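Student: Sequence:
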Amino acid sequence: MNKKLLQKFLIIFLLTNIFLSTMFSQEENISEEFSFEQNFAPLKLIAETNYPVNAICFSNEQQLFGYAISDTIILCDNFTDETKKVILGHTGKVKQISFFSYDEIYIEEDEEKINHVNALLSYDDNNRAFIFDVNTKEQKAQLEYNPIIKMTSIVNYKNNYVVAGLDDGNIIITNLNDENKNQQLIKITESAIINIEYNKSGNSILLTDSLGNVFLISSENFSKLLQVYGYSESCAGAKFNNTSESFLYQTAINKLTLRSTEGIPLFDIEVPSPITNFIWNKDCSKIYVATQNGLIWIYSDKGILEGAVFAENPDKIISMDTDVSNKFLLVGFEKGVIIKLFLKTKMILPDEALQMQKELDEAEQLKEQENQQSQEDTTKKKIKKDFNLPVEDWAIEVNLGFNTLPEPYTVSVFGGARYLEFELLSPVALGLGLNYYFGFPQKDFPYKYYLNSREFHPPFLSEFLPYFSVGYNFAPIKNFDFLCTAELRLGVSFLQLWSANLAANLSSKFIPTLYSAIGISASIYNWGIFLGGEYNTCLGFGFTTSASYRFDFKRKEK
Numbered sequence: 001m002n003k004k005l006l007q008k009f010l011i012i013f014l015l016t017n018i019f020l021s022t023m024f025s026q027e028e029n030i031s032e033e034f035s036f037e038q039n040f041a042p043l044k045l046i047a048e049t050n051y052p053v054n055a056i057c058f059s060n061e062q063q064l065f066g067y068a069i070s071d072t073i074i075l076c077d078n079f080t081d082e083t084k085k086v087i088l089g090h091t092g093k094v095k096q097i098s099f100f101s102y103d104e105i106y107i108e109e110d111e112e113k114i115n116h117v118n119a120l121l122s123y124d125d126n127n128r129a130f131i132f133d134v135n136t137k138e139q140k141a142q143l144e145y146n147p148i149i150k151m152t153s154i155v156n157y158k159n160n161y162v163v164a165g166l167d168d169g170n171i172i173i174t175n176l177n178d179e180n181k182n183q184q185l186i187k188i189t190e191s192a193i194i195n196i197e198y199n200k201s202g203n204s205i206l207l208t209d210s211l212g213n214v215f216l217i218s219s220e221n222f223s224k225l226l227q228v229y230g231y232s233e234s235c236a237g238a239k240f241n242n243t244s245e246s247f248l249y250q251t252a253i254n255k256l257t258l259r260s261t262e263g264i265p266l267f268d269i270e271v272p273s274p275i276t277n278f279i280w281n282k283d284c285s286k287i288y289v290a291t292q293n294g295l296i297w298i299y300s301d302k303g304i305l306e307g308a309v310f311a312e313n314p315d316k317i318i319s320m321d322t323d324v325s326n327k328f329l330l331v332g333f334e335k336g337v338i339i340k341l342f343l344k345t346k347m348i349l350p351d352e353a354l355q356m357q358k359e360l361d362e363a364e365q366l367k368e369q370e371n372q373q374s375q376e377d378t379t380k381k382k383i384k385k386d387f388n389l390p391v392e393d394w395a396i397e398v399n400l401g402f403n404t405l406p407e408p409y410t411v412s413v414f415g416g417a418r419y420l421e422f423e424l425l426s427p428v429a430l431g432l433g434l435n436y437y438f439g440f441p442q443k444d445f446p447y448k449y450y451l452n453s454r455e456f457h458p459p460f461l462s463e464f465l466p467y468f469s470v471g472y473n474f475a476p477i478k479n480f481d482f483l484c485t486a487e488l489r490l491g492v493s494f495l496q497l498w499s500a501n502l503a504a505n506l507s508s509k510f511i512p513t514l515y516s517a518i519g520i521s522a523s524i525y526n527w528g529i530f531l532g533g534e535y536n537t538c539l540g541f542g543f544t545t546s547a548s549y550r551f552d553f554k555r556k557e558k
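Numbering (my numbering), first residue to last: 1 to 558.
These are calculated hints, taken from the structure and not from any lab test.
No experiment lies behind these values; they were computed from the predicted model shown.
With a straight-line cut-off of 20 Å between C-alpha atoms, the simulated SDA-like cross-links for lysine to any residue are:
(1) K158 to L225
(2) K84 to T136
(3) K286 to N199
(4) K346 to Q357
(5) K255 to L211
(6) K44 to K84
(7) K200 to K224
(8) K158 to S101
(9) K286 to K346
(10) K158 to H116
(11) K554 to D393
(12) K367 to D315
(13) K150 to N127
(14) K150 to A192
(15) K85 to A47
Distance ranges between label pairs, derived from CB positions:
(16) T83 to E334: 21 to 29 Å
(17) E334 to T545: 56 to 64 Å
(18) P512 to T545: 19 to 27 Å
(19) L490 to E334: 46 to 54 Å
All C-beta atoms, glycine included, are put in the ideal place defined by N, C-alpha and C.
Whole structure, please, built from the sequences with the hints as guidance.
Tutor: Spelled out as structure tokens, the structure:
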């Protein structure tokens, strides 16, 4: 009896232990998973550089990601984000990097051996491509290209081959296991190739040129299997869906199209802002579409909008990549910022994303307007500064002077005012003026007219003169309020000749004439003097001088 009770007790004890251990094990797993996710910030700044982030990439085989700063490639741990390796060797700015692996064939003791290499492929703007061993940083290969014909894209395919696209429409194929690295040149298009992709099966290559053409090329004989026309300003190129026989490419400023490799369109994606980049994630289950102000739209592989993520940096996104787990998104910006997103904690719902996109677009438009106004103001200020002109934006000038006409023997005094515009065409000044003249002809004044059949010489004349002026301003003494202007004046003079017959009734004759003057003026602290010659189609040539004062005004800042 006691044995049976003891057996039952032992069985219950064992079952209880198993149950409790299972429960604690599950709690530990949940705790570990929770802590794993908590270890990653929703958003992390990786680097700030002075260069557009064109080169950015995750490694599929190792927990690494890489980016380029000028001629240097930085490799970081994907979990800690710590710098693991710094790769040098480029002499120009690195334009593209990608991780791949290949089997290096070499001879040792007359025996052919194979070394599996985890490699990094990169090229720079000096038309040089490199292959580095990620583990040892050893340079495995250096590919030289024509320095005149620019390389625009590069990709590894079938492990042991590298294909480079050139801006003359050719591609160059290099066999990495060819000791001499002989290159095969093939013409594809007449315009620059901007992007090259290949599918995982390795049987075809996708090329995009600068006119928007997308070419599907056989990797066996490099014949064209398909050609479609996309958006000519696309900078991301076409992207293979490696889980199906299809590819995604840009067809409008804010539109993508998925097309089968047979040429059949499958669906379109439209985003509410211009597209700057787009990618598939690693298992091609999601499409990430970046816009010009830091918002990234997320679509399913069926083209259904699922939400968005915001990189919290309203700048143009020019490069992206996801890691093999599809948990992280690495984002590179035009102004040199690199940000890493933990996607699970950064998702924004579609309605919220649309509202955010609207606000970002409005902010972008306002910023562009402010920048444009600021550039205009800066340009105007720079012009004034460069010419050292002691003037404001515009002015009103009042003047008082006299002129003399030697041939008709007249002396006139005049007064007037004019508007001067300095800002519009600085250092050229434009003006609109109005003067009134009162003159005294001398005894031998040659112009005469008749009244009641009798010849009369006018005792005085008056003149109403609206005119336009254009002058070139210069400041002979730097940092001193001394302004000189060489100017031309053109106008229409309304001349009136007055005559009196021995104190009898005053009579007059009205004569419209053309007027012109050329001269130079100088002013110190806005007090000025003008000296010049003038011509009146009725009165002839003469000389004029005047004193003036200029009231300067500055326009209100917008």
